[in-house]
Amino acid sequence: MDNSSIRTQLLLIGIFVLIVGILGFLFITAPEPVNIAPDGSVVNFDEIRNEQQEVTTIIGVLSKTGTQVKVRDFYGDEGVVLFDEKEKTYLIGEEKGANGPIYQIFYFAGGGVTVSLQNEKLNFARSRAEEDLQKKLGLSLLDMCSLSVRVTVPGFVSDDFSGRDLGLSFCPGSEVLP
Amino acid sequence: MKRKTLFLVLAVLTTLPTVAFAAGLVPCGGSGEQACQLCYFVTLMENVFAWLVMILSIVVALIFITAGLRLVTSTGNVSEKEAAKKMINNAFIGFVIVLAAWLLVDFGMKTLLSGGNFAGPWNAIQCVPQPQSTLVAASRGLANGGTISESCTKTGTTFDCNAQVASCATGGGNPYVDTSDPSDHKVNCTYSAAAYGGSCTAVADATNPCHASNLTMFGARADEASIICNKESGGAPIKSGSDLCCGTDGDCSGAPSFSGGYFQINVLAHGDKVPGCTPGTFYKANGTEGPQGDCVRRNKEGICTGWSCEITDVSMYNTCMKVTTDKQLNFDIAGKLYKSRGDGFGDWSWSAKRCSVPTNI
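Residue numbers (this note's numbering), protein chains in the order written: chain G, 1 to 178; chain L, 1 to 361.
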């Protein structure tokens, strides 16, 4: 093997090592992927560690302006269940009556919250659900009004009130329920 | 002989779907995917290029192995040894050229764009759905009527309002071209009340699972499917409180529900569409009025809300009721029912009627 052939091979190996090195560097320094909500805002479901390395989960709920509002970590609360594993939908609140649920509260990946009223006494069901939701989120009534919380009724409970957002009773624009 | 072997290896590689990732090449038109549009052809090309690079890596590795074997087994045969070395060199150079080309473009983009801070995925093409005119989209949400405006298309000093007028008419609105502002001609589109009846409103909140963007399986009627989904369940994955198996004694307290999810899919009728669910094996009808048994309870409207059926196999029942907890399954079954009705909402006639959504058009 002559010297020029050796030089060529060394050069090629050098280029290869350089490329692998650069690709490796780009891979290592690539930014962490972030969750993007349907409205385009960044959703944080990160875990942060304090000096004692204790982990705190940050939960965000969408506000009416499309930003995320940090709320209390309710994942460990009694009765909170992962309802839809693929979609990361949680059932975070429920009260059962003699004929089935009075209300159910769902938390969706992306920060959406839906309160489903399933008792014909809609006003009663909503006030019970509001009380539960406030405890779960750990917010004041004023802060709750800044959230994009849907309050809905399925068709089988009420024809008149199903198919639209009824709002939280203490927030502007909410509907008066029977 | 060598060429035949190489051809054989390539043929096997490109034929095996697991190796070729063929299922992921076409990025649209599948279950839960956006409808196909021209942009997806470019994405397809991008996927093909990525696939070719992957195949190239495998081919290069195979060439290295082959050449290595030839080198080891050359046993002093100088020409064989040189040929093997040449093979390695050529494969190596080719591979380096391919990788270097990507790096070169990446380096160029990062240097020339955004003051050196460019970090965008230049090699990834993102397709977004074609924008729909707000004039058409708004017609879905104006159950109580109203007027919305959209600017006409401006080219130089002239305005073309034909597209906006047509769009308004398509949505059932009454268009009026407003030329009062010489710098911005507009089409005011007025909708009469009850474009969709009752209390039904379109789902504007994109985080609501019933939002039209999640309902591509309904094609052009995704907006109406969104209204029906919201009417049925309020955008919550709940079990029905009116499709209950109450047994023969008519006591519906705590009775199991046989419909659930966003579209309130009835598993007694459509359990065959749920993976693992065997229809007819988990309940007893107890009656002659229909597959759900006899009606044992009615609401104020006279609609049956409790049936004489009984659940006999709880495990199978739970499997079938996955339609409640699995959003995509619920949507997929709803899409199939819609198709089976000739693109119609006949399976949700109660909601369709109350929201003035035509079951078929």
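Note that these hints are calculated values from the structure, not bench results. Where hints are given, some of them may not hold.
[To be verified] As a list, the in silico DSS-like pairs of lysine-lysine whose alpha-carbon atoms are at most 30 Å apart: (1) L:Lys322 - L:Lys353; (2) G:Lys96 - G:Lys121; (3) L:Lys85 - G:Lys121; (4) G:Lys135 - G:Lys86; (5) G:Lys88 - L:Lys284; (6) L:Lys327 - G:Lys135; (7) L:Lys327 - G:Lys88; (8) G:Lys86 - L:Lys273; (9) G:Lys121 - L:Lys322; (10) G:Lys96 - L:Lys322; (11) G:Lys88 - G:Lys64; (12) L:Lys322 - G:Lys88; (13) L:Lys154 - L:Lys186; (14) L:Lys300 - G:Lys121; (15) L:Lys327 - G:Lys70; (16) G:Lys86 - L:Lys186; (17) L:Lys186 - G:Lys96; (18) G:Lys88 - L:Lys336; (19) L:Lys273 - L:Lys284; (20) G:Lys121 - L:Lys353; (21) G:Lys64 - G:Lys135; (22) G:Lys86 - L:Lys86; (23) L:Lys154 - G:Lys86; (24) L:Lys186 - L:Lys273; (25) G:Lys64 - L:Lys327; (26) L:Lys300 - G:Lys96; (27) L:Lys353 - L:Lys327; (28) G:Lys86 - L:Lys336; (29) L:Lys339 - G:Lys88; (30) L:Lys339 - G:Lys96.
Here's how the hints hold up against the structure:
no. : hint                : result
1   : L:Lys322 - L:Lys353 : holds (27 Å)
2   : G:Lys96 - G:Lys121  : holds (14 Å)
3   : L:Lys85 - G:Lys121  : violated (84 Å)
4   : G:Lys135 - G:Lys86  : holds (27 Å)
5   : G:Lys88 - L:Lys284  : violated (34 Å)
6   : L:Lys327 - G:Lys135 : holds (27 Å)
7   : L:Lys327 - G:Lys88  : holds (10 Å)
8   : G:Lys86 - L:Lys273  : holds (19 Å)
9   : G:Lys121 - L:Lys322 : holds (28 Å)
10  : G:Lys96 - L:Lys322  : holds (21 Å)
11  : G:Lys88 - G:Lys64   : holds (22 Å)
12  : L:Lys322 - G:Lys88  : holds (15 Å)
13  : L:Lys154 - L:Lys186 : holds (10 Å)
14  : L:Lys300 - G:Lys121 : holds (15 Å)
15  : L:Lys327 - G:Lys70  : holds (26 Å)
16  : G:Lys86 - L:Lys186  : violated (45 Å)
17  : L:Lys186 - G:Lys96  : violated (53 Å)
18  : G:Lys88 - L:Lys336  : holds (24 Å)
19  : L:Lys273 - L:Lys284 : holds (19 Å)
20  : G:Lys121 - L:Lys353 : holds (25 Å)
21  : G:Lys64 - G:Lys135  : holds (20 Å)
22  : G:Lys86 - L:Lys86   : violated (51 Å)
23  : L:Lys154 - G:Lys86  : violated (46 Å)
24  : L:Lys186 - L:Lys273 : violated (48 Å)
25  : G:Lys64 - L:Lys327  : holds (24 Å)
26  : L:Lys300 - G:Lys96  : holds (23 Å)
27  : L:Lys353 - L:Lys327 : holds (24 Å)
28  : G:Lys86 - L:Lys336  : holds (21 Å)
29  : L:Lys339 - G:Lys88  : holds (28 Å)
30  : L:Lys339 - G:Lys96  : violated (36 Å)
Of the numbered hints stated above, those contradicted by the structure are hints 3, 5, 16, 17, 22, 23, 24 and 30, listed in ascending order.
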